[in-house]
Every structure is written in structure tokens, then in C-alpha cells.
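Protein chains in written order, with our numbering: chain A, 1 to 279; chain B, 280 to 605.
Don't take each hint at face value.
EDC-like mimics (lysine to aspartate or glutamate), calculated; alpha carbons at most 16 Å apart, straight line [what the hints assert, rightly or not]:
| id | chain 1 | residue 1 | chain 2 | residue 2 |
| --- | --- | --- | --- | --- |
| 1 | B | Lys297 | A | Asp110 |
| 2 | B | Lys350 | B | Glu285 |
| 3 | B | Lys422 | B | Glu436 |
| 4 | A | Lys181 | A | Glu167 |
| 5 | B | Lys319 | B | Asp468 |
| 6 | A | Lys8 | A | Asp266 |
| 7 | A | Lys106 | B | Asp345 |
| 8 | B | Lys296 | A | Asp110 |
| 9 | B | Lys422 | B | Glu484 |
Calculated directly from the structure, the hints in this document are not laboratory data.
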Amino acid sequence: MKDTIYKKILRRKNLVVGIIITLAVVFMAIFAPLMSPYHPIDDADLMVSDQPPSIEFLFGTDEQGRDILSRVIYGARVSLSIGLLSQAMNTVIGVVLGLLAGFMGKWWDDIIMGLTNIMLSIPSLVFALAIMALLGPGLINVFLALGFTNWAYTCRITRSQVLSSQELNFVKAAQALGYGKIRIMFTQILPNIVGPILVIGTLGVAGAILIEAGLSFLGLGTQPPTPSWGGMLATAREQLFTSPWISIFPGLAIFITVLGLNLLGDGWRDYMDPRISRQ
Amino acid sequence: MEPILEVTDLKVHFPIKKGIFAQTKGYVYAVDGVSFTLNKGETLGVVGESGCGKTTTGMAVLQLLDITSGKIVFNGKDISDISKMPFDEVIDFRKKVQIIFQDPFSSLNPRMTIEHIIGDPMRIHKMFGEKEIKERVAYLMEKTGLRPGQAGRYPHEFSGGQRQRIGIARALSMGPEIIIADEPVSALDVSIQAQIINLLVELQEEFDLSYIFIAHDLAVVEHICDRIAVMYLGKIVEMASYEELFLNPRHPYTKALFSAIPIADPRAKKDRTLLEGDVPSPRHPPSGCSFHPRCPECFKTCNIDDPVLRNMGNDHFVACHLYNRH
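Chain B extracted, bound-state conformation (with noise of 0.2 Å):
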């Protein structure tokens, strides 16, 4: 398997400004320290309540926002810092690393049609000529499962689920390597959700995609990632491949999100293992282990040091004390 995207030790923290002269009184430590690899045509799926920094990780490989400390490496290149880099590189960049949006809706330009939407990208880099822009465009609203005849419209013109087709295509009108997908079908009906996953797997042999599948349940990821990456608090705490995680889950975290996941089986009887409280804030994480405070195992070393992401054999990453004492 062979890396497309390795990421180390990034972190992004928003500084809080206060006062007359904006003086930085703190920081909110989005992401503080994550580490993966995506391989090529692999998906990746990256869970965890809202607010523990899935979505600013997304936002910081793509490079549309300014990371804080880490490095991003695509294809061999560091693109850590995209401002100091040539502009012919960053084109490229922006070429091959694409991202699906959550909310249909705000993410497609209401004053363009779906033509330039998706023919528009391809036009601004010259990547072909006028007439075969048309065609793509065609071709890419016909493997996205829309109506070419239906270009000349406008966004809101269509529904949730089209529209998420839309950004699709629009995703693939540059022929990306990776595409983040922030939680593509939380704001769809159940039953579109799984059209548009069953759209993503396809599209993902077709164009040999590698996928950062962003979601915030379990049950979302299962059909979709190979691998899947639990965040808490800006950290990863567990990461390891579908099954393993699904048979073996180690972390209490990644344990209590799975007794989460609802069953349809009004008979079937569960032991639920309860969170209690909230996610403290990322302006104050917790000392040590930022999960200590929730967690039902945590013993004396937890609120002292911080647990490291370690490899407990098959490719199975936990940071937790519990998997550390001897």
C-alpha cells in the first residue's frame, strides 16, 4: 500500500482576541496533535462528536485555513505551508485534493448554473478546450447520477440529494487523487444517504479515489471506510481498520461510541455504556488523558500524563494508559 497523504503531528489553534488592541488571550486547540496516512485508494473514516476537530482537520489538509504546526506531506511533496509555495505546485495541489460539503445547500453558488459550477474550475486552470469542457460536464452529471439536459439550471432548482450530486461532480471536474468528504450525507434523508454512499464507493473505483470520510456516527463509516480514525478533543485516540476497530474496539471512547449505535431489534438487550458530561472545552483541555474526566476506566496516571497513539500489533493505534501499564 502506498501512502498518498501522511500527516504529522498537526495542529491548528485559533487564537481568542479580546479587547481594544486584539491581544490574544488563549487559544482553542482545535487539532492538537494529529498523525495518519491515507493510502492510495483507501478510505478513511474520522469520527467523533461534533466539535472534536474533524472538520478542522479536513479544512487544514486542504489548506484552507493556516495550520498552526505539523506537517502535511501529498505524493511525496510537504505542503505544510501553501503561501510559500510555487504557484504552478499549488494549482496542482489544488487539482488532485477536492472536498465534499455537509450542508447541500450553502455549498454550491446560487447565482451559477450547474454548467459553470462544474465546467467553471476546469476553465480557470484551461485544463481543456471549450467543447470538451461541455462534454465533461455532461459526462460527469451523468456518472453522478443527474440529467446533462438539466446543466442550464440553477442550484435551487434541485433537491438536497441532487445537489449533493452536484458538488460531487463539481469535486471531480479537476480529476482529484483524494477528496474529503466533511459528513457528505448527515443532512440527507435516510434513504438518500445511502444512494450517495453507494455513489461515492462506485465513483471510488471508477476514478481511483482516496477518501477522508468525515462523520460523526459509526454507523455512517461502517459502509464505506477501510480504516477509521477516532477523534477526541482535537486527538486521535484510537485508529485501527474496519473490523478490528468494529471487533475489538480498545479506547472507552471508541467503546461507548459503539454502544451508541442504535440496533433495530426492539428485543435485543444491550449494555449501554453511558458518557457522562460533556466535552470540556477546547480552550482548556484536561490535564493529561483529555478523555480522563468522562471516562468510566480512568485510573491515577490519567490525569497526569497525555497517553501516545501506539501500535498495539495488526495496525491497531491506541492512546490509552489502560493498554500501557506494563
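The shape of chain A in the complex, shown without the other chains (with noise of 0.2 Å):
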């Protein structure tokens, strides 16, 4: 049996390299002091200031001769942190409220979905930027302004697909049957629309991770020196043309995270499907 799921999840590439990439990125959080050749801050040396990629410097130095490899590796901290914190609260929040919608009907869904199509009809960088101005810069707020910003998706999502799946013959058969709403709610609708569920948490994780960088690119999230994928961009875009590499490896770390989960998103959802994994 075991050998199977193995096998499942080897046939679908996308999968496999979301899952490779996903790893490696968190690998890189986790154990980010052992990996990293210097420390990202300390380690300040103006002698080898805006220094290019070589054996010493992998990625090269900063204006301030820090060593850019030490600095992604710390960086993937900040952005993963934020990016599953503040999803896991997005999808929190949106699975809640979309569930009370599509299940509860009535005035619920007219209020939620009012909510919901206010909070779609404002640019999420806008809302997190209204937030981060009242509560001010730092990372918890940066944190809690993501966490209440992106569930309109899911919560769109879920609803539809709450009401898509009323109508599905067995959670008929299960009110029939004589099953409590709540737990039609889990045991026959939930797990019929965890896939698409999963996969706007997956895309919202990278989104978030891409908000957070926009955050710390205008100043407004993480704070140096803290090292964040976001804030190196920031400083690095003074030197766009004399010293690209300072740009160039933090930019690449978020488009490799954000396509890894991207990736990890789609695969996992068809994994999850069992009439899909059957062929």
C-alpha cells in the first residue's frame, strides 16, 4: 500500500517539485544559523562592501558588506512565518464565515457576502497598508494585517462550493438519514471542498509572502536590519545597475518560494481527489 501513495505522488511533477522546493525553503528557515556562512547582521564589514558573487560571497555583499546568502537564508523566516501565519488565519476566518453563509442561508449569506465583496472591492496591498498605518510598522502587525485581509477568497470559495454541494444527491441522503446540520457541515461537505480550499490557502501563502516583500519594500514591515526578502529589495534598488546581484538573489527567493507552493498547491489538490489520483 505504502509503496502506491509513494508512486501516486512520484507520477505528478508539479507536485514533486512543489514539494522539493517547499522543503528546501523551509529547511532554509528552520536551521538558517547552521546553513548560513555568516550571520546576517553582525557579520557587517564595509571593506567588502557591494562585493560580486564569489567563492567567499556566494551571492556577494550588501553596501554594508554583509553576506547577501546569510541574509535570504534569514530571510526566508520572515516571509514563510508571515506567509502561513497570516494564511492560516485568512483561511480561518474564511472557511468560518463561508460555511455560515452557504450552510445558514438567509440574512447570514447577505451580510457575510456584503462583507466579503467589500473587502474583494479594496486591493489587498491597500488594506494591509490602511492597517499597518493604524497599528503602525513591525512584524506582528504586519502579521495581523495580512491575517485580516485575504479571506474574502476562501470565503467566496467555500460558500459557492457549500452551495454547489447542497445540492449533491448524498448530502441529501445524509439529511434523509437523518444527520445534523453541523455535522453534514463536516463530515460530508467539508472534505468534498478541502481541495479547492487548499488551494487558495497555498496561492494565499505565496500571496502573502508577496504583500509582506511589498510591505518591507515601502518601509512599513519588517524593520532593519532584521534581514527580509522584501527590505533587501528595498535598499538594493539604489544600486539597481552598479551592484544587481543585491537585488537579484532576494527577488529570486520569492519567485522560487512563491512558484514552490504555487506548484505544491495544484499538486496537492489533484492528489487529494480520489477520482483524479485513480488514473
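Got two chains here, separate frames each, mind docking them using the hints?
Next up, the structure:
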């Protein structure tokens, strides 16, 4: 049996690539102190500032002479924790509201969907900016801002999935068999809509990482000297033409992480669905 | 014969909502005054074209949708409004009235194993101990022609006919008295249809079940039904025992349905009564008898008065002005 599970996963190339990239980034974040050759903040040496990539500094150094490789590795901690935590919050808020709207109907639906539409009409970066302006810069505030901004997509998807699956015969059968509303919600409907929620969730992590980078780039997110990919890009943009490696490597880190998460989300959805995984 | 289910003047109207504030702009008269009784151990066939309200009638009896008006009495208890009933009685009703669906693919939860699909209802209502439930699942699977060894599999690993058997086993799990079979064989191959119908007949004898058998063609119901109700546009137009209806169809619509049954003899010549036009929209049912725009024998009262279902003797009920004139 175990053999077939491995085979099933291995057959999905995008899932495999997604898992490898995501695991690599997670590994990098957890074991950052062991992996990075220098300390990202303290090992600043103005004698070696703006060095291009070399054997000594694989990714080069920035304007303060800090090792970019070490800063990129440490930056994964900020990006991933913000991405995962805020998207976890989004998913919980979105799924709960979506289930309520879809299952209770009537005025629950009207109020929740109204709120969702308002949220969707504001670009999430702008909304996050507004919250940040209110709370002030800082890591925890970024997390809060993102945690309350992106739930609308999850909520919409959950609601529409609940509505469409309520018409499915096995849900009607469960009603006829005397299943309670809450039991139907959690045993019949929720397991069948995990796929889309997961995909939206993984995409959301990627989106949150991007917004965090954006906020840090604008100077509202992670504060220097804590290394974060967005913050590194912000300071590097002045030297984009003279020392491009300072911006290329954090940019690549964002790109690869977001790509890996998207591949993971897509592949996971296909794998979770027994109807697709049969082929 | 002891009636187990009595439905009186059942109406289900779906509001049509439009505009920003979802104002009601009329109704779909899906079921519009249906009355029938179902006796213990009997099979009542409900036939009619798509959209005539047969499935809605079944769903209303199951209390899976809100009825507009009318009365449903099950085993002497009024169950017309389940939301006002005490919880125990609701559960009791749920155990006793079950459904089999048309589409065997959407009727089983794709993420549950067969063991859970059949066994969970009994677990939820704490009807038996865990060991007994396991035994009962195996017993029910065997009864419905499945191999109990396959209980750990998921629905997508089974064929359409097998899935329909799983659906039947699930309906049987709580020991029902009435099973509403909503076109249970329409989605299956002809060879499988016969198997499922035979299975339903066997189970009826063994478990003392009463069926409401919904179908859209008469050829299928003739093998299983004791009585047949013919529906047209939300109303029953004719209801009689199976023999009576086949020998002596009275309503022009029933006659047209009978003449549409294909005969497996290329030389047999038959006068076919072909109906013209389409079923009118249940949103704007015609005045008077709702069948009059398509009726070959329509005369002047037909578009004014709505005929009532009258007993023509021998428990043969017809709603048609043709038999009302004298």
C-alpha cells in the first residue's frame, strides 16, 4: 500500500517539484543559523561592501558588506512565518464565514457576502497598508494586517462550494438519514471542498509572502536590520545597475518560493481527489 | 389494506426572486394539489414527463424541502412540518422513510468508504453496538448483492449498478418502512435495470417495505408497481391499480403515454396518439385543466374548469371532464 502512495505522488511532477522547493525553503528557514556562512546582521564589514558573487561570498555582499546568501537564508524565516500564519488565519476566518453564509443562508448570507464584497473591492495591499498605518510598522502588525485582508477569497470559494454541494444527492441522503446540520457540514460537505480551499490557501501563502515583501519594500513591514526579502529589495534598488546581485538574489528567492507553493497547491489538490488520482 | 402514508392536497410552490431586494415575482407551481395514499407493503408508481413534479413530490414527502400547504400523515402522525416536531419524532421519521436516487454517481460521498456510507447512519443514531454495526453492514451488503469484503473501498471503485446497490443498502441500514425510489434505474444499462428492479422486489418481500417508485416511463413501472399515479404539471391526472390502468386507461394523457411504449415487434401496427407541443411552464399553468392545450379530446369546459380527481369505480381515479359530463 505504501508503495502505491509514493508512486502516486511521484507520478505528479508538479507536486514533486512543489514539495521539494517548499521543503527546501522550510528547511532553510528552520536551520538558518547552521546553513548560513555568516551572521546576517553582525558580520557587516565595510571593507567588503558591494562585492560581486565570489567563492567567499557566494551571492556577493551588500552596501554594508553583509553576506547576501546569509541574509537570503534568514529572510526565509520572516517570509514563511508571515505567509503561513497569516494565511492560516485567513483560511480559518474564510472557511467559518463561508460555511455560515452557505449553510445558514438568509440574512447570514447577505451580511457575510456584503462584507466579502467590500473586502474584495479593496486591493489587499492597500488594505494592508491602511491597517499598517493604523497599527504602525512591525512584524506582528504585518501578520495581523495580512491575516484580516485575504480571507475574502477563501470565504467566497467556501460559500459557493457549500451551495453547490448542498444540491448533491449524497448531502440530501444524509439529511434524509437524519444527520444533523453540523454533522453534514463537517462530514459530508467540508471533506469534499478541502481541495479548492487548500489550493486557495497555498496560493494565499504565496500572495501573503508577496504582500509582506511589498510592505517591507515600502518600509512598513519588517524593520531593518532584520533581514527580509522585501526589505533587501528596497535597499538594493538604488544599486540596481551598479550591483545587481544585491537585488537579484532576494528577488529570485521570492520567485522560487512563490512558484514552489503554487506547484504544491495545484499538485496537492489533484492528489487529494480520489477521482483524479485513480488515473 | 392499511395505509402507511396519506398525502392530502400537497402543494409545493417555489418563489421566483428577482431584483436587488429579491422580491418575489411569481411562483413555480411544481406540485399543485397532489393527494394519494400508500398502503403497507405496496408499491405506488409515479410517472410523468420531466418537470411534472414527481421528484418534488418525493422530496416533499421526505421533508427535504418546505411544503407550501397540504398534509402528510405517516403512520397516523402528521409530519407536514418537520421543523415543529420534537427531535425524537423527527429522528424516528428519518429512520422510517428513506430515498434511493437516480444518479448513482452523485448519491454517494466520494470521500467515505462503503463501510462508513452504510454504517455511519446507524452509528449516529446509536442504534447498535460497534460489533453489531459491522455485522449489519456485511449483512446488508450481502443482501444487496455486494461482496462484504469490499467494504473498505471508495465509491469510485464501483460500477454504476454496484453503486446503486450501495445506495439501496444505505437506505436499508436504519430499517425503513417506506423507500422513495426516485428513478432508481433510469441511469443504468437495460441489463442492470432488470437486476436492480428484481432486487427491489426481493427486498420488499423480505423487509416488508412500501415503495413510492418514481419513473418517467411506464415500461419500467409495470414490473414492480401495484398502483400507478400519472402526473402532469404538478397534478395527479389518473391513479389506478396497475392492471386497471393498463387495461382501461381513461385520461387522454395516460392514453398518449401508453401509446408511446415501444413494442418489440416490427410488424405490429399501432395507432399512436402523438402529443403536440411541449409541457407548459409550471410558472404559468394553463387555465382550467392544465392538459387542455395538448389534449386531442379537448372541449369547451376544459379551459375553464379544473377537473377534480373522481373515483370511477374500482378505485380508478381520473381527473378529466370527459367523464364528468353526465
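For each hint, the structure was consulted:
Using a Cα cut-off of 16 Å, the hinted pair Lys297 (chain B) and Asp110 (chain A) holds, with the two alpha carbons roughly 15 Å apart. For the suggested pair Lys350 (chain B) and Glu285 (chain B), the alpha carbons sit about 8 Å apart, so the restraint of at most 16 Å is met. Our distance criterion of 16 Å between C-alpha atoms is broken by Lys422 (chain B) and Glu436 (chain B), whose separation comes to about 20 Å. At roughly 14 Å between alpha-carbon atoms, Lys181 (chain A) and Glu167 (chain A) fall within 16 Å of each other, so this suggested pair holds.
For a cut-off of 16 Å, the pair hint linking Lys319 (chain B) to Asp468 (chain B) is broken: about 30 Å separates their Cα positions. Only pairs whose Cα atoms come within 16 Å are accepted, and Lys8 (chain A) paired with Asp266 (chain A) is accepted, the gap being roughly 15 Å. Simply put, Lys106 (chain A) and Asp345 (chain B) have alpha-carbon atoms about 15 Å apart, close enough for the 16 Å limit, and the pair holds. Simply put, Lys296 (chain B) and Asp110 (chain A) have alpha-carbon atoms about 14 Å apart, close enough for the 16 Å limit, and the pair holds.
Between Lys422 (chain B) and Glu484 (chain B), the direct Cα distance comes to roughly 12 Å. Compliance with the 16 Å bound is thereby established for this hinted pair.
In terms of the numbered hints stated before, the structure departs from hints 3, 5, listed from lowest to highest.
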